[in-house]
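Visitor: Listed below, chain by chain, are the residues.
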Amino acid sequence: MVDRTFSEAYKVILEHLRKSGFGWVVAQIQEQVRSGKPLIKDVSPHPAIRSIQFVDEEFEATTTTKGRRQRLAATENYTDKERLEIVITAIDSLIIQTTAMQEELIDFFVGSTDDSQEIHFEPDEFDESDTLIIGYPSKKHKASVGDLKELLGMLREEAGIDNKR
Amino acid sequence: MTINDDLLNEITTMLTGGIRPSLTTMSATSDLFEAYILSIMLRAAQRERAEIEYRGPDDRPTNRFVFRTSPGYLWSQTRAYTFALIRFPNVEPLEAHLGVRVSGKSGVLHEFDVCAIRRSEAITSRNEQVHPRHSKVVIGVECKFYTSALNLGLARSFLGLGVDVTAKNTFFVTNASSPSVEKLLSARERNWGNLVYPGATMEVDRQQHEFQTVFKHYKAR
Chain P
239 MVDRTFSEAY KVILEHLRKS GFGWVVAQIQ EQVRSGKPLI KDVSPHPAIR
289 SIQFVDEEFE ATTTTKGRRQ RLAATENYTD KERLEIVITA IDSLIIQTTA
339 MQEELIDFFV GSTDDSQEIH FEPDEFDESD TLIIGYPSKK HKASVGDLKE
389 LLGMLREEAG IDNKR
Chain E
3 MTINDDLLNE ITTMLTGGIR PSLTTMSATS DLFEAYILSI MLRAAQRERA
53 EIEYRGPDDR PTNRFVFRTS PGYLWSQTRA YTFALIRFPN VEPLEAHLGV
103 RVSGKSGVLH EFDVCAIRRS EAITSRNEQV HPRHSKVVIG VECKFYTSAL
153 NLGLARSFLG LGVDVTAKNT FFVTNASSPS VEKLLSARER NWGNLVYPGA
203 TMEVDRQQHE FQTVFKHYKA R
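Residue numbers (the numbering used here), protein chains in the order written: chain P, 239 to 403; chain E, 3 to 223.
Fair warning: there could be bad hints in the mix.
What the hints assert, rightly or not - To be clear about the criterion: a stretch of chain P counts as covered by chain E if any three or more of its residues have a C-beta under 8 Å from a C-beta of chain E, and this derived list gives those stretches: (1) 250-264; (2) 286-295; (3) 319-329; (4) 332-341; (5) 357-371; (6) 378-385; (7) 389-399.
Stated by the list, open to error - The following residues of chain P were derived to be distant from chain E, with all beta-carbon distances above 10 Å: (8) Asp-280; (9) Val-281; (10) Leu-310.
What the hints assert, rightly or not - Pairs of lysine-lysine residues, derived as DSS-like cross-links and limited to a Cα-Cα distance of at most 25 Å, are as follows: (11) E:Lys-185 - P:Lys-275; (12) E:Lys-185 - P:Lys-279; (13) P:Lys-257 - P:Lys-319; (14) P:Lys-387 - P:Lys-319; (15) P:Lys-387 - P:Lys-257; (16) P:Lys-279 - P:Lys-319.
Please keep in mind that the hints were generated in silico from the structure rather than gathered at the bench.
Bear in mind the structure is a predicted one, so any value in this text is a computation, not a measurement.
Heads up, the beta-carbon is just placed ideally off N, CA and C, and yes, glycines get one too.
Based on the sequences and whatever the hints tell you, model everything.
Guide: Next up, the structure:
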């Protein structure tokens, strides 16, 4: 089997997310990638320019003193490795974070009561969104999430991405 | 450098079939995140010695947890929406709600994903079917659950909100991170919390402390 470049891996994962109905996740990833990486550059700004008008001609004169170095905002494209990192973070948020939040919410709100172990999110009048019912994640789901977490860790390691999550 | 194809296949197989997140839409993840931030706010209140009790729209205690999927009117009886009654000793109790509309300085309505409102204002709202006033909101939170960096427009909207509501105790809280958003909100001296999600101990603690600080001042008034 042929190994994939970072760029190919990024595209493959994006495609699978899209196929699995997570177009909104893909859209958020692409928006970040399109916006580029904000950074601060230490530069010497171009000296001020003055227009000097003679009888028929206009000249641009530059002052001789160079401006002092300043920190100015810039944007650069994400590298292939950074784009892969963005997509890994997105999967982490989508699956690992939401599962952990679900667990914490049930523990916090419902944990001590004898009632149904569920939290309902219901639409108000004239709101056409669907009702969402969350319960404690199943053991199977938690095990799968554990496996995915491990795989994402391996992917980060293989790509040389800081495994901070 | 390359990525092992087997590893990539294992991950994509999990994504397409092996593991299905229980929440598949953007709105569902946002709902969950708002409830999660509410839990952090309530923990902060408990740390400040508050007693918490959950109530339904009839203002009676309940063990059912029903939250809004989108912002609505505090007095709505359409569903048995739950709120948390927060009682500190010797001060007016507060009510913590998810997704309610409040009226701003201009009288225009705004939405807080999570908020703590003075009890008397919430009772007036329920009895008279009027919107709570922004000045009676002790904590207001705008929550953003994103799978990648936030776009700057979200921070701009939050800044705009500050023009019409008391900005002092309003927070912009997200599970994500975005240097541009953080820079803009810091430059405008607005409260924000990033990377707030389970397991991010430092960030979650910091957010909880920020809520605690607001409650501390509220108790001292």
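Visitor: Enumerate the violated hints, using their earlier numbering and listing them in ascending order.
Guide: Of the numbered hints given earlier, the structure breaks just one, which is hint 2.
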